[in-house]
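J.: One-letter residues, chain by chain:
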Amino acid sequence: MTSEHNAAEAGDIDELLPWYAAGTLSRRDAERVEAALARDPELARRFALAREELAATIHLNETLGAPSARAMQDLFAKIDAEPRRQRASLGIGTRIAEFLGGLTPRTLAYASAAAVIAIVLQAGLIGVMVDRPTTSGYETASAPTGAPGVGAFTIIRFAPQATMDDINKFLEMNHFNVVAGPSGGGLYKVRVAENPLPSADLGALMQKLQKDKVVGFVAPTR
Amino acid sequence: MQTSSDDVLIARIASGDRLAMQVLFARHHVRVYRFVLRLVRNEATAEDLISEVFLDVWRQAGKFEGRSAVSTWMLSIARFKALSALRRKPEQELDDETAAAIEDQADDPEVTLAKKDKGAALRQCLTALSAEHREVVDLVYYHEKSVEEVARIVGIPEATVKTRMFYARKKLSELLKEQGIDRGWP
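Here the protein sequences come in this chain order: C and X.
Using our numbering, read the first sequence as starting at 1 and increasing by one per residue.
Using our numbering, read the second sequence as starting at 1 and increasing by one per residue.
Chain C with its partners taken away, still in its complex shape (with noise of 0.2 Å):
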């Protein structure tokens, strides 16, 4: 049985050389074959030819050459030929993944600097409001007032593993608009309706866009 393990074992490693010599695979299937590779001359043996196929593919095709400039000028002169589209403005998504590509890797790392400041400092505050001694009495939890604008808003944190795309039909779907954002924590404020919602029809809509799998996390606010 244990043979019979290693043999498929090896066999799986030996399909994954070319990948591994491609530099193509997974964190987790790199680190098996590179396991199996110190253990195995022959397999060892069989990457070196992974390699030289590797070589041998690249060479072949660098040397075919590149398009003329014909195909350009034929691509354009259909396209010209499409007709107009009509220019729409660029989604929340894209404007924040093209606002992070445009930023260098020391201005991210500022800025992710700057994120983890803000949040030791909302730590804190969060600390010293928990310890200050309460007063009788009821209070309420809601935030206070102050953010001025019409309508019913929310605040969203969108699920890590949502695109863009999911991202900007959710909004599109359900009419909302980004009115500000993302604070820290990644969230943003978003219009939910163009006039105050009762409290029991805001919180039937908290539910429903909870269970989307677009929304991380999603609580009203002013």
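Please note that the accuracy of each hint is not assured.
[As the list claims (entries may be wrong)] Stretches of chain C that chain X covers, calculated by requiring three or more beta carbons in the stretch to come under 8 Å of a beta carbon on chain X:
| no. | stretch |
| --- | --- |
| 1 | 50 to 56 |
| 2 | 72 to 85 |
| 3 | 163 to 177 |
| 4 | 213 to 219 |
[What the hints assert, rightly or not] Sample of chain C residues at the chain X side, in silico, Cβ under 10 Å:
| no. | residue |
| --- | --- |
| 5 | Ala22 |
| 6 | Ser26 |
| 7 | Glu34 |
| 8 | His59 |
[Claimed, not checked] Derived lysine-lysine pairs resembling PhoX-like cross-links, with alpha carbons at most 25 Å apart:
| no. | chain 1 | residue 1 | chain 2 | residue 2 |
| --- | --- | --- | --- | --- |
| 9 | C | Lys189 | C | Lys211 |
| 10 | X | Lys118 | X | Lys177 |
| 11 | X | Lys63 | C | Lys78 |
| 12 | C | Lys78 | X | Lys118 |
| 13 | X | Lys63 | C | Lys213 |
| 14 | C | Lys169 | X | Lys63 |
Just so you know, the hints here were simulated from the structure itself, not pulled from any lab data.
Source: prediction; values computed, not measured.
For every residue, glycine included, the Cβ atom is placed at its ideal position computed from N, Cα and C.
Using the hints, position chain X against chain C.
T.: The following block gives chain X in isolation, referenced to the frame of chain C:
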């Protein structure tokens, strides 16, 4: 970062941005052309096809859902176009190509020289593989596609991708052996 910026370009193309199309074309057209050329083996046809591929990208950008990398999506379109073009080719033309491929393997002076140069022999054998095998070898080694991405482009299960690659490499060894180069595998 290029993958995510490709996504941004596609979003811009979907909104009718011609400049974004030029950037995407400049970035990918050579690789798409080489992929198609290896399948159709005709430079003029390959040039015609890449303008068709990118025209499809222009038209379908709004439908791109980002489930795969943009380059993977474009290679899928390119493959479909290349196979359609091959199906349209007159039989006579195919016969000529088959004959040319057979001649490639003959033991002419060039092949004799190739025996001395293992790299050159390997490259010659790579051109003699079947279209199905050439395709998977190019996608893995040249276009740097993962098992999952190759499966998506070719439209076969991931397990089949692995076995197809294995048999392509095995065939390569057999072709090399015919040229007098024994790799000791399989």
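J.: Please write out, lowest number first, the hints stated earlier that are contradicted by the structure.
T.: Result: hints 4, 7 and 12 break, sorted rising.
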